[in-house]
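Asks: Here's the letter readout for the chains.
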Amino acid sequence: MGISEDARSIEHELAALHPASFGWALACSGRDADVAEEVLQDVYFKVLDGRARFDRRSSLKTWLFGVIRMTAREHRRWSVLRVLRGGRADAEPSETIADGGRAPDSEAAARQRAEHIARALSRLAERQREVLHLVFYEDLSIAEAAEVMGVALGTARQHYERGKHALAALILEQGANG
Amino acid sequence: MTAPDEEHELRQRFLELKRHDQRRAPDFEKMWTARRPARSPWRSIVPAASLAAAAMLMMWCGAKTALTGASSPEAVAPAAAPAPVLGTASEAAPVAGETGAFDPAPLDFLLDVPGSAPRSARALGLDSNPLQGW
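These protein sequence lines map, in sequence, to chains B and U. If you count by numbering that gives the first Met the number 0, then the first sequence holds residues 0 to 177, one letter each, in order. If you count by numbering that gives the first Met the number 0, then the second sequence holds residues 0 to 133, one letter each, in order.
Since the hints were made in silico from the structure, they are not lab data. Keep in mind it's a predicted model, so treat the numbers as computed, not measured. Mixed in with the good hints, there may be bad ones.
Derived DEER-like restraints, expressed as beta-carbon distance ranges [as the list claims (entries may be wrong)]:
| hint | chain 1 | residue 1 | chain 2 | residue 2 | range |
| --- | --- | --- | --- | --- | --- |
| 1 | B | Arg-76 | U | Leu-56 | 22 to 28 Å |
| 2 | U | Arg-22 | B | Glu-172 | 26 to 32 Å |
| 3 | B | His-164 | U | Gly-61 | 53 to 59 Å |
| 4 | U | Ile-44 | B | Gly-29 | 24 to 30 Å |
| 5 | U | Trp-59 | B | Arg-122 | 45 to 51 Å |
| 6 | U | Arg-23 | B | Leu-152 | 30 to 36 Å |
| 7 | U | Ala-53 | B | Gly-174 | 52 to 58 Å |
| 8 | U | Ala-47 | B | Arg-118 | 38 to 44 Å |
| 9 | B | Glu-125 | U | Ala-48 | 29 to 35 Å |
| 10 | B | Met-69 | U | Met-57 | 29 to 35 Å |
Simulated crosslink set (BS3-like; lysine-lysine; CA at most 30 Å straight-line) [stated by the list, open to error]:
| hint | chain 1 | residue 1 | chain 2 | residue 2 |
| --- | --- | --- | --- | --- |
| 11 | B | Lys-45 | U | Lys-29 |
| 12 | B | Lys-60 | U | Lys-29 |
| 13 | U | Lys-17 | B | Lys-163 |
| 14 | U | Lys-17 | B | Lys-45 |
| 15 | B | Lys-163 | B | Lys-60 |
| 16 | U | Lys-29 | U | Lys-17 |
| 17 | U | Lys-17 | B | Lys-60 |
| 18 | B | Lys-60 | B | Lys-45 |
Built from N, CA and C at the ideal position, the CB exists for glycine as well.
Input sequences plus hints: build the corresponding full structure.
Replies: Shown next as structure tokens:
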């Protein structure tokens, strides 16, 4: 397979993974859609100019998610500098702004339920949130999630179990509070 | 809630979140074909400035060490001062540079043993008996 053909096949795979990648970028950026888009754009730049190279030692999805996670961390570090320079603080997630229009009732209810789980997730520890997102949202196995997170399988499994119970409790608590 | 129920409930919730997120995912083509913006100068200025500062600090420290080393009598004429004989170090006459180097701390007097010469005197070579006190 030639280089251009290989690049085109990766482009096709990235396009197929794009919605999932955006979801993971959201999870890594405190659910701020603008930051998530910036992170994902930077990831694509990295792939295009060869700074991030897929060496086929893992699946494309786990590799890509690892790159997204690292890039989101870099963005968080640089956002501190941006604040010092008087720029945007990335403190207020743009989630509510993006969906500002009037929605039908069912859509509004679905959005509300999505906001509930997002809020409950935000109350979990970072590692728990990451592993639950990767397993339940991205349909990865715990082993694949461990690979993305750069932790041992046992550690990921522990975060998964604890996070699952904590999240279920938080959802019940939110349900009880209305 | 039992474990399978719990997992099922969580899967349902995450599915709703996923659908919600996918509706606002940006267009892949637009992102893939976007041109890289000019790299922020801060990204190169900050590491370069940090490196320059570290290099200057190292040079300053090196220069200071070289200066103090050159001014000490050992560095200028190491053979001029005789090596102290074992056990009679305190009897040896103090070298000009050494007496100047003694800098007592404010609470050093607490370490003085009653009945022996004060530490400051010992450091200056005035304590004649090496077995007394320390």
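Asks: Hint by hint, work out which the structure violates, then give me just those numbers in ascending order.
Replies: none
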